[in-house]
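Asks: The residues making up each chain are set out below.
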Amino acid sequence: MSDPTLSLRRSLLYVPGNMPSMLQNIPVFNCDTVFIDLEDAVPLNEKDAARSLVSKFVASYKNRNKEVFIRINALDTEWGYDDLLSVLPSLPDGIRLPKADTPEIVERLDTMLTEMEETLGLEIGTFKIIPSIESAMGVINSIKIARCSSRVIALAFGAEDFTADMEIERTKKGAELFSARTRVLWAAKAAGIQAVDTIFADVGDMDSFRTEVELVKRLGFTGKSLVNPRQVDVVHEVFAPKPEEIEYAKQVIEAIIRAREMGTGVIALNGKMIDAPVVKRAARVIKTAVSQGLLDYELDDEVIYGAK
Amino acid sequence: MEIQSKARAGTMQSSDVVVFVEPADQLTIEIESTVLKQFEHLIRQRIEQQLATLEVTRGLIRVSDRGALDYAIDARIETAVRRSMEG
Chain A
1 MSDPTLSLRR SLLYVPGNMP SMLQNIPVFN CDTVFIDLED AVPLNEKDAA RSLVSKFVAS
61 YKNRNKEVFI RINALDTEWG YDDLLSVLPS LPDGIRLPKA DTPEIVERLD TMLTEMEETL
121 GLEIGTFKII PSIESAMGVI NSIKIARCSS RVIALAFGAE DFTADMEIER TKKGAELFSA
181 RTRVLWAAKA AGIQAVDTIF ADVGDMDSFR TEVELVKRLG FTGKSLVNPR QVDVVHEVFA
241 PKPEEIEYAK QVIEAIIRAR EMGTGVIALN GKMIDAPVVK RAARVIKTAV SQGLLDYELD
301 DEVIYGAK
Chain B
1001 MEIQSKARAG TMQSSDVVVF VEPADQLTIE IESTVLKQFE HLIRQRIEQQ LATLEVTRGL
1061 IRVSDRGALD YAIDARIETA VRRSMEG
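Note that the protein sequences, when read in sequence, are chains A and B.
Going by our numbering, 177 is the number at position 177 of the first sequence; the sequence numbering is gapless.
Going by our numbering, 1079 is the number at position 79 of the second sequence; the sequence numbering is gapless.
Chain A on its own, in the form it takes in the complex (with noise of 0.2 Å):
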């Protein structure tokens, strides 16, 4: 994936670490991310069977058809730096930080990356980050944390470590959570990466789910955590771009390629300018358009940001 801020991240499934039969599913499940669960989804007496599972799977899993983060023990516990250790070699596109609460955390899963890196001789900044957003400091960093390191791609907003942090119920309509998931976004897009929105447990109530799916859209999220398969065709159907946009999203990629060719960055449509940013987000309707089988298009970086 050569651009992780551009890549298609709208479906985010969590698989236990633990369980083989769940983790050879991997390849089939159709999510464009998954977390894979070192955290919460394994007993604290399974800890080390789990990360040795999960780094050989990893390692196993050739020909990779998405995104592969792994959800750690923060770092503050005992095992959170063994994980790390453990999967890296195995090579996933990056890490899932729990419980993120202060860009200085953040900052020292940038420094142990940084030298797992050297170790196993890759390029600095091949492992991307995404922190838990999941207590009330978390919000209340957010903005620093979603610009501490170039290695944050997203920021995931968790509702139900927040809740409890909140000591409040969390609720379907999630009305107790607006102000929290509104600052988490706000960070994100003032950093310019993605916002992340939290898991819905209740895998049951899919009409409740779908309608979180179609709020935190309208709000501006671009993604969302899962907890079961059976919700990310929903997640699929509702983030889908509107013919419409697809219409207009074309129109300025074809403008952009006339402006290049008159050597210019910037370019007017239908009255409006077009650039850099517009162009970026007409790139992502189209790859998602695509990616669904909406649209036939072939989109290479150099048309996004012009040849070198």
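Incorrect hints may have been included.
Pairwise CB distance ranges, derived in the manner of DEER restraints [stated by the list, open to error]: (1) B:GLU1055 - A:ARG210: 52 to 60 Å; (2) B:LYS1006 - A:PRO43: 39 to 47 Å; (3) B:LYS1006 - A:ASP82: 18 to 26 Å; (4) A:LEU85 - B:GLN1026: 32 to 40 Å.
In short, the hints are calculated from the structure, not lab data.
All values derive from a computational prediction rather than experimental measurement.
Backbone N, C-alpha and C define an ideal beta-carbon position, used for all residues, glycine too.
Starting from the known structure of chain A, fit chain B onto it as the hints suggest.
Replies: Frame of chain A, contents of chain B only:
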């Protein structure tokens, strides 16, 4: 590595395998599997390879297989052996 005490790893879920290890003077591998007839030789080969990788040359290894793939066999053997060294 040396198996120093009784230890186990793995679960009885499908696609998993339970591995029991205990100290012994010789290397013995006992396999019980839902797919024993077709795959015993392959399972045994995989276990032997993984023990060789871990430099385990003796011990009693008992394996109860529920259709585990190679990576899961490797991981459960590794975990059981490591646990036997910590216990």
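Asks: Give a verdict on every hint.
Replies: Going through the hints against the structure:
1. B:GLU1055 - A:ARG210: 52 to 60 Å: holds (54 Å)
2. B:LYS1006 - A:PRO43: 39 to 47 Å: violated (20 Å)
3. B:LYS1006 - A:ASP82: 18 to 26 Å: holds (24 Å)
4. A:LEU85 - B:GLN1026: 32 to 40 Å: holds (33 Å)
Hint compliance for this structure: hint 2 is the single one not met.
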